[in-house]
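There are 2 protein chains.
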Amino acid sequence: MGRWQPDARGRLERAAMELYTERGFERTTADEIAKRAGLTERTFFRHYADKREVLFGGAGALQALFADTLADVPASTAPMDAVGTTLEIVAAGFRGRHAFARQRQAVITANAELRERELVKLASLSATMADALRRRGVKEPAASLAAEAGIAVFKVAFERWTASTGRRSLSAFVREALDELKAMTAGT
Amino acid sequence: MGRWQPDARGRLERAAMELYTERGFERTTADEIAKRAGLTERTFFRHYADKREVLFGGAGALQALFADTLADVPASTAPMDAVGTTLEIVAAGFRGRHAFARQRQAVITANAELRERELVKLASLSATMADALRRRGVKEPAASLAAEAGIAVFKVAFERWTASTGRRSLSAFVREALDELKAMTAGT
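From first to last, the protein sequence lines stand for chains E and U.
Every letter in the first sequence is one number past the one before it in full-length UniProt numbering, and letter 57, counting from 1, is 57.
Every letter in the second sequence is one number past the one before it in full-length UniProt numbering, and letter 3, counting from 1, is 3.
Please note: incorrect hints may appear among the correct ones.
Repeated chains share a single entry, so a pair holds when one copy, or any two copies, can fit it.
To be verified - With a straight-line Cα cutoff of 30 Å, these simulated BS3-like cross-link-like pairs (lysine-lysine) come out: (1) K51 - K35; (2) K139 - K35; (3) K35 - K182; (4) K51 - K121; (5) K51 - K182; (6) K139 - K51; (7) K182 - K139; (8) K139 - K121; (9) K182 - K121.
Calculated from the structure, these hints are not laboratory results.
Model the full structure from these sequences, guided by the hints.
Take a look at the structure:
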């Protein structure tokens, strides 16, 4: 086997998700993931700092995507609309990732430490959006509320999407949740 | 000193908050808290399982309060109104707790592990409210969205209240945040 392994990262990710699903996250080692992928442990650690990063390695990029997308929405857009547009654009980036997202969600749900890590990730995304809103001139508490409500919508939509067959896109679930939140708060 | 110590729990709580504020949560021991309160370590452990419970001991009672309050709201009340009413009633229970809440928030903000624990607590409160809403016949995703939006409002209001002088009540901050969320979602 040569040094260059085509799609090593993708193979490691698929192997990790298989093993986490089969025997649980705790009982899987980096070496086993590498073996399942037909690669060496060294290669695993060239792509991931540890076995948790297979599940959370995208968190930094996702945070940057939220910040950049929100910053690009026209300045005249109202805070909640800017958040809604951001959520839909971010959601579109999950196209083709349903199988992975579904498996990942099941692995995370089964492990208390991973559930906590996921909450921390969502809180970081909310803080990132609140920050981006304040930089657009949105005052408090509006900035924090729009960000928190947006992450609430994203969380609920994401969970429904991963529980679904995957025929409807995440964007569709996000739009549905946004409309539902609007209808509920308008009705009060 | 007799076996019966008047307000031992309150004295331990105040001593703990003083020490957590002075030297940080990590560098404080249960024995030091007891000594500062003029009590024994044994008495400390009669009231609290560990030093973290001084900060999170009320979580179970708070969860029950959310569930019971929401269950008592008239069945005809719309989901978001039922959540709003629940938040205001729960908030009223924090009267006289501003000094403690303010100190507690500062201690938690300074410690990553405590911040995670606080996120877990908020997620549990959201799950409790979603559950109570489903038992009222509210369908998904409305139940989860109303619960998540409600906790977002409570979190933002609570942080603003603890950062304030304490002259305005938590209920007032909750009402303000609810109105702000309504205005923002209605405007879209």
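Hint check:
no.: 1; hint: K51 - K35; result: within (14 Å within a copy, 44 Å between copies)
no.: 2; hint: K139 - K35; result: neither (52 Å within a copy, 45 Å between copies)
no.: 3; hint: K35 - K182; result: neither (49 Å within a copy, 53 Å between copies)
no.: 4; hint: K51 - K121; result: both (17 Å within a copy, 26 Å between copies)
no.: 5; hint: K51 - K182; result: neither (39 Å within a copy, 42 Å between copies)
no.: 6; hint: K139 - K51; result: neither (40 Å within a copy, 37 Å between copies)
no.: 7; hint: K182 - K139; result: both (21 Å within a copy, 16 Å between copies)
no.: 8; hint: K139 - K121; result: both (24 Å within a copy, 27 Å between copies)
no.: 9; hint: K182 - K121; result: both (25 Å within a copy, 26 Å between copies)
Of the hints listed earlier, those the structure fails to meet are numbers 2, 3, 5, 6, in rising order.
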